[in-house]
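Take each chain as given, in its own frame, and dock them per the hints.
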Amino acid sequence: MSAPQVSGSRVGGVRHRHENSSLLIPGLVVLGLGFLIPLALLLPDSLKPDDFGFGAYTRLFSESIYLRIVGNTARLGLIAAITCLIFGYPLALWISRLGPRAKILALVAVILPFWVSILVRTYSWIVILGQEGMLNKSLMKLGVIGEPISFLYRELGVMIGTINILAPFFILPMVATMSSIDQRLTDAALSLGASRTQAFWRVYFPLTVPSLISSFFLIFILTLGFYVTPAILGGGRVPMLATLLEYLVSVAVDWPLAAALSFFLLLATLVLFLLAALLAKVSRINRWREKNG
Amino acid sequence: MKKIALFITAAMLAVLAACGGGTSDSENPAEIRILESGGTSGESIDAGYGKPFTDATGVKLVREQPGDLGKLKAMVQANNVTIELMEIGGPGVEQARADGLIEDLDWDKINPDPMIEDAKLPYAFGFQSFALYLAAREDVKPVETWQEFWDTERQPGKRALPAYARYILPAAALADGVKPDELYPLDIDRALKSLEKIKDDVILWEAASQTPQFLDSKEAVYVATWDNVFAEDGYQVSYENGIWNISYFVVPKGSQNPELAYKLLHEMSKVENQVTAAEVVPIAGPSPEILEHLPASIISRLSTSPDLQKTQAATDRLWWAENGEEAEARWQDFKLKNF
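Those protein sequence lines, which keep their order, are chains Y and B.
The first sequence begins at 1 in the working numbering and counts up one residue at a time.
The second sequence begins at 1001 in the working numbering and counts up one residue at a time.
Excised from the complex, chain B in its bound form (with noise of 0.2 Å):
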């Protein structure tokens, strides 16, 4: 009986053994894994980037989602980085940095075409930019403002916002009448307050994906997206007085095969695989010419396009970076008080 028991344990053991034990080849790997966001943005990627990058080296693309700084830190403390590449968004990246989750970037590697500015960051590729916008059930009164989301008179029923205090409490501003241009430093007390007003008619997202569900199973009359909600498919959109923000790509600490990365890189960086990805999902590379190359029907739904930029609201990655974790944790009290 004992024999059997030390038995069953040997190759039990055994087992957790091989388990760990998988080797790769990262001299000549065949394929590149990347972290990002997913859903219509994941399928922009395949298109525009990925493809080419696999006709130009041979390597296959795989993209994993979710990406959070939790799963990015448990990599890198475990020593145990399996991806190339991560996206993050803009506040993300410099909280990143700041915990020593990622490397800096050999921009001469990259060897980029150009870029706007804030794209490129030492630590950090820019490689798209979107915003959070309105939309409406095809059945209500239209959205366009945060002050229309808001008015739950005009419109009485559920609204849906993202659980994320970086989104919310922006929006909770903006529908308080802060204009788009003072919106930072954003006024912590002023938002809250705001959301105050319209907390028991609020439902909490963590995935974009979630909100076309929630205007088809008439769950909320109005949700605050990006990328999943469109006109085709017969909601009222209004792109007009969005929050944008960029999305970041980084390399984390002790990634395998930056070199591989940085082709990656290199391919988001060309105008015509960016055109490609915004036919798929309307969400703008870093290019600066990319509204040249575009139908005047995706520029209107760009979150860079000149006549949405006026109305728009931009995300300061740096007071979150310094106000952040304050923001959060005011978010999190506020959540529990009054939902």
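Just chain Y, with the same shape it has in the complex (with noise of 0.2 Å):
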């Protein structure tokens, strides 16, 4: 996710590797216990006998209603992911533009949101985005509307909700890389005769697409899974994945099922990945494939 670059040093890498790896071990025991563990677990659960032998998941696969969950849940991720891009790129791109003492205040206003309770950031929308609430307000004393809009109990208020607490995954990464991008790139590219707009599609924009790739990825996913924000703003009428599954474990005591969409939600968070690194890969071995002719 960092931004592209070939690793230091590699004398005496054996002994260095040795040292690191012990140095995971805290890590991997609390993995281990914490998530691999209960996870392998959980595996027979899903796998419970029915008439096909493939447990909860002929359910799953074969009820249309647990797919098209899955479906609306991925669009709404994409909607959060393209939002995301479409606003964060030009402010992590502003960002990394400023003077140091600039940057860093634009950063702490990115960041600090993040010391704040996401309950607190999630009820905070119920109070701006209300019929009664300070946007609406606002909108009508201006003269915009003569209705109220309604926000709340929709996709509309979850996506802003989602975007809004996600949106620094994005735009950070997207900034770490901007910033180590070397701007005598551009200055060169323009006085060998390219416009702005060439060399900024040619030269800069290029250079920030693999972190552009894994940070759109990653704000994808973090979507997939993300609860606490669509329970509260959704007022139960959008339906994700994540509220799916408390309502298979907590009200319809349904665990094989819950289980199995759990571990269908892993795979293809993994799937995911793997194509967000890929891809990433292979826009790297393209540039420099076009670097070296």
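Mixed in with the good hints, there may be bad ones.
The calculated lysine to aspartate or glutamate pairs, modelled on DMTMM-like cross-linking and capped at a C-alpha distance of 20 Å, are [said to hold, decoys possible]:
#1 B:K1071 x Y:E63
#2 B:K1218 x B:D1200
#3 B:K1199 x B:D1333
#4 B:K1218 x Y:E147
#5 Y:K48 x Y:E63
#6 Y:K137 x B:E1031
#7 B:K1071 x Y:D254
#8 B:K1071 x B:D1333
#9 B:K1051 x B:D1113
#10 Y:K48 x B:E1325
#11 B:K1337 x Y:E63
#12 B:K1263 x B:D1113
#13 B:K1071 x Y:E246
#14 B:K1071 x B:D1113
#15 Y:K137 x B:D1181
#16 B:K1310 x B:D1181
#17 Y:K48 x B:D1099
#18 B:K1197 x B:D1181
#19 B:K1337 x B:E1148
#20 Y:K137 x Y:E147
#21 B:K1073 x Y:E246
#22 B:K1197 x B:E1138
#23 B:K1193 x B:D1151
#24 B:K1141 x B:D1233
#25 B:K1060 x B:E1043
#26 B:K1073 x Y:D254
#27 B:K1218 x B:E1153
#28 B:K1199 x Y:E155
#29 B:K1141 x B:D1151
#30 Y:K48 x Y:D254
#31 B:K1060 x B:E1103
#32 B:K1193 x B:E1043
#33 B:K1197 x B:E1144
#34 B:K1337 x B:E1322
#35 B:K1199 x B:E1148
#36 B:K1337 x Y:E132
#37 B:K1060 x B:E1259
#38 B:K1218 x Y:E132
#39 B:K1073 x Y:D45
If you're looking for bench data, these hints aren't it; they were derived computationally from the structure.
Encoded structure:
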């Protein structure tokens, strides 16, 4: 996810690698006890026998309602990722070109919301977006609208809340990448007769693509499993994977199906993650080829 | 470096072990934990039953919430039942029993005062009757029937309904003109068709305590709710035509101290304690005599008052035990297609 860089010195690599791997042990223990072992325990649950021998997976793929929720979630994930791209890319570009002091201020403004609980931020959106909320009242006072707009308890509200909370995950890696790009490359392109647009699209933009791809998929994947904000701002009207899981676990008490759905979500995420890594690699190779004829 | 890593690992394992190994003295407990639905109903448990129970036994009552079947199943399966009693609605009781999650009660040990028949199941103690009732914002036309609740021409605006099939489907059927005493067997098709008519104006709630907020923020004009929206707070409330249900306490399988739970249930069967609880929030306890002990102002709001019973629809626990899964699935499917 960080900027493409050739790793440092390879001298004494063996010894270094040995020491580094022992430092991984604490993290691996926590991951194993807290995630991998419980996950393994969940697998038999999802394979509880039914008529066909595929456990709850048969129901997952034969009943259209579950697949439609998966599709709905993927669509919302895509919307969130694209919106983050459209708003986040120019913002990151702007921040990366600020002077050192202004840049820190801008980054703090992006990071600041991280310090506020996600619940508080989500409920704040109710105050802002409600029928009697700040936004509707202001718009009506200004005469922009005659009737209050319903933002809440539909996809629009869920998307606004979700994008607000996930956007820093897109902006921060992009700023890191853009800051590490040598500004002289664009200058060189300009001096060789490229127009500003050409210099941007043919020199600058391709350098940001690997990071852009991974950040884009990060937002998409995070939205797939997003729970708190859709649950609160959706008013039960915006079905997504995580809220479906909550329903299956607590209300319907259909744990085999919940387990099957979880594994499906995990697998889909892994595939997407690999796809993102592959795409980023391909774009890097293409650039290398261009560079080396 | 390796030693440090190993040391950190060992330290973390020790912390994990310490967290898992909490012990409790089940012989002589200082407190009893119960899982209940919270809100004003929870406050009435403290006043009505918790206080006399603590006075009699010296044991403190600790309430936890919210409770759902998933939590119960997780506790029972993990063999780590931390509560002695759990509150579940009638249909949920049957599901919990079918899944083997609850114990039969020893009614001899509970030794209850007289109780209505519906409240005394071999495996569940019916501790209160409550009803889903109708309420409106101050500045809109009042709502007294489900037909009016559904009529978006008479009163435009959003309506908040419970997100649960076992309440929203009966409400929809009643709105379509089904008579309260003919509600069961429930016609799921008819209920869903009725819901389709107002699908664009529905907000769903998961906890009744959300409903006053919907009215205050003008997010909704009408709400169907229980125990949280009152006329004293400036709302227009109608207890007529409600959908009533009994809420039960059950003993989870493998609970530590059923004897203590029985003592608390005994307190819940006493009519004087039920009167104290009903003064906190108008919900009826299971005594057949409770109406004789309450002032008319509270009775007029109790779901078990004879006047209201004439207009109300009862929830058929056994129908839901039989058909609940299908009804839930169809409701989920409907939500996805229409919302």
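Hint numbers not upheld by this structure, sorted from lowest to highest: Going through the list in order, the structure violates hints 1, 6, 8, 14, 15, 18, 19, 22, 31, 32, 34 and 36 and respects the others.
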